[in-house]
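Trainee: Work the whole structure out from these sequences, hints included.
Here is what each chain is made of, one letter per residue.
Protein chains: 2
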Amino acid sequence: MSQTQVSFSTLSKKQSKFIKSLRQKKYRQQENAFVVEGGKNVGLLLASDYTVQMVVGTATFLETHVAFGEGCTVPVYQADEAALASLGTFNTNNAALAVVAMPPDSASPPSDAWGLVLDDIQDPGNLGAIIRIADWYNIPSVICSPTTVERYNPKVLHASMGSFTRVAVHHTPLAPFLSHTSWPILGTFTMGDDLHHTPMPLPGLIVIGNESRGISTALLPYIQQRITIPRYGQAESLNAAMAAAVVCDCWRR
Amino acid sequence: MSQTQVSFSTLSKKQSKFIKSLRQKKYRQQENAFVVEGGKNVGLLLASDYTVQMVVGTATFLETHVAFGEGCTVPVYQADEAALASLGTFNTNNAALAVVAMPPDSASPPSDAWGLVLDDIQDPGNLGAIIRIADWYNIPSVICSPTTVERYNPKVLHASMGSFTRVAVHHTPLAPFLSHTSWPILGTFTMGDDLHHTPMPLPGLIVIGNESRGISTALLPYIQQRITIPRYGQAESLNAAMAAAVVCDCWRR
Numbered sequence: 572m573s574q575t576q577v578s579f580s581t582l583s584k585k586q587s588k589f590i591k592s593l594r595q596k597k598y599r600q601q602e603n604a605f606v607v608e609g610g611k612n613v614g615l616l617l618a619s620d621y622t623v624q625m626v627v628g629t630a631t632f633l634e635t636h637v638a639f640g641e642g643c644t645v646p647v648y649q650a651d652e653a654a655l656a657s658l659g660t661f662n663t664n665n666a667a668l669a670v671v672a673m674p675p676d677s678a679s680p681p682s683d684a685w686g687l688v689l690d691d692i693q694d695p696g697n698l699g700a701i702i703r704i705a706d707w708y709n710i711p712s713v714i715c716s717p718t719t720v721e722r723y724n725p726k727v728l729h730a731s732m733g734s735f736t737r738v739a740v741h742h743t744p745l746a747p748f749l750s751h752t753s754w755p756i757l758g759t760f761t762m763g764d765d766l767h768h769t770p771m772p773l774p775g776l777i778v779i780g781n782e783s784r785g786i787s788t789a790l791l792p793y794i795q796q797r798i799t800i801p802r803y804g805q806a807e808s809l810n811a812a813m814a815a816a817v818v819c820d821c822w823r824r
Numbered sequence: 572m573s574q575t576q577v578s579f580s581t582l583s584k585k586q587s588k589f590i591k592s593l594r595q596k597k598y599r600q601q602e603n604a605f606v607v608e609g610g611k612n613v614g615l616l617l618a619s620d621y622t623v624q625m626v627v628g629t630a631t632f633l634e635t636h637v638a639f640g641e642g643c644t645v646p647v648y649q650a651d652e653a654a655l656a657s658l659g660t661f662n663t664n665n666a667a668l669a670v671v672a673m674p675p676d677s678a679s680p681p682s683d684a685w686g687l688v689l690d691d692i693q694d695p696g697n698l699g700a701i702i703r704i705a706d707w708y709n710i711p712s713v714i715c716s717p718t719t720v721e722r723y724n725p726k727v728l729h730a731s732m733g734s735f736t737r738v739a740v741h742h743t744p745l746a747p748f749l750s751h752t753s754w755p756i757l758g759t760f761t762m763g764d765d766l767h768h769t770p771m772p773l774p775g776l777i778v779i780g781n782e783s784r785g786i787s788t789a790l791l792p793y794i795q796q797r798i799t800i801p802r803y804g805q806a807e808s809l810n811a812a813m814a815a816a817v818v819c820d821c822w823r824r
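Residue numbers (this note's numbering), protein chains in the order written: chain S, 572 to 824; chain F, 572 to 824.
As the list makes no split between identical chains, a pair holds if one copy fits it or if it spans any two.
Simulated pairs of lysine to aspartate or glutamate, EDC-like, Cα-Cα distance not exceeding 20 Å:
hint : residue 1 : residue 2
1    : Lys584    : Glu652
2    : Lys726    : Glu782
3    : Lys611    : Glu782
4    : Lys597    : Asp694
5    : Lys584    : Glu602
6    : Lys726    : Asp694
7    : Lys726    : Glu807
8    : Lys611    : Glu807
Worth flagging that the hints you see were computed from the coordinates, not collected in a lab. Predicted, not measured: the structure shown is a model, and the values here were computed from it.
Mentor: Next comes the structure, spelled out in structure tokens:
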């Protein structure tokens, strides 16, 4: 058995420092780049439209992925598991991470974008889960207020379980966007029409509010219909991601 | 204005050590006690059937809650916010915590219990969220395998947002329980009958499997019907708590 041996460089201190700096939003925005952790996500990225600037992987990961053999145009570096984990945000990473360029125009949604509209969602786990839900239900866009947690936050990417490569996520001022759309606009409220008995137009836009304060007053004039997940018991509220799951299920039904 | 001044002791070192020890499951089980953090949860507990063994609160919290005035039978201690946070699991706690006795027979569900059955759910945030969903949809019981994360885990209690005081949560071997129930038993699978077009008997039992492995082989003989949340897009799976939310919404609908 003859096999082409490809050897990979190790990272310089400067490169390690650069990758670690991308944990912070400030540096992500300065460098227009973000880090994606985990072998599965790195594989998804290489098959997507994203521009991967650098891959760091374990010897095992790199050897078993033919894409990193001869002719690979992405700079590839080798690191052991401990070094990989120290570069990223999560405690364990037994495969790979990638540095990825932020798509240049991802901030502004096209005027005909439709899907979920998030008004100031704060928890990165919630945003990641909502992106995953949108992917499950084939809702093409998640349009976020500028105050919603950043889509390139490592916890958002992690919770989205790869769905960030398939759902268009935008951050844009919501009032101008909603004032120019031609889709119907619904919003989730504690007192509104019962989701189980309300026709929900598809395509359309459904606004989901902040985890504690709900939808902000400034957006109320744009909401044409208020919908509510019917409550049968005593919990005061549902978590924003769980509410999004129920809304999308009823929307597609 | 005359006001009865009640003065509160501060905690001894031994008491502080005892409370901190309850972060660990081993000591919770040894002491048959657990800690609940946050002023709202402490208030809910005092109004519930749980036996509260001790309350630690800030001066503001204790002064504004008449229950801690004269005649209060629960030992009450005063602490500042920093001390409170250092006793518990979460970084901030600006109000109170309580030490609570585990209900003695909570492990075994009655044979006619109905609701969600969790087979080896590992993430405390998921279990807490599922308890909150059960509460929202008035599903009375959550019956967990012994390998499911412990219901008195601080993150479970936190994520349940007070719903742990209203939903009966049991940990019990599932095969014997399922073999003795007279309710219909459904289970969630990736390949099963479409949840949108399947009548779901209420009361009944719906089994939800482990986050990565699904329902264990040993339980398959008890499942009378396999149900599936229809997928419209490309995400490989839904998070267990979001799946539970969609299942409960369709169940109650």
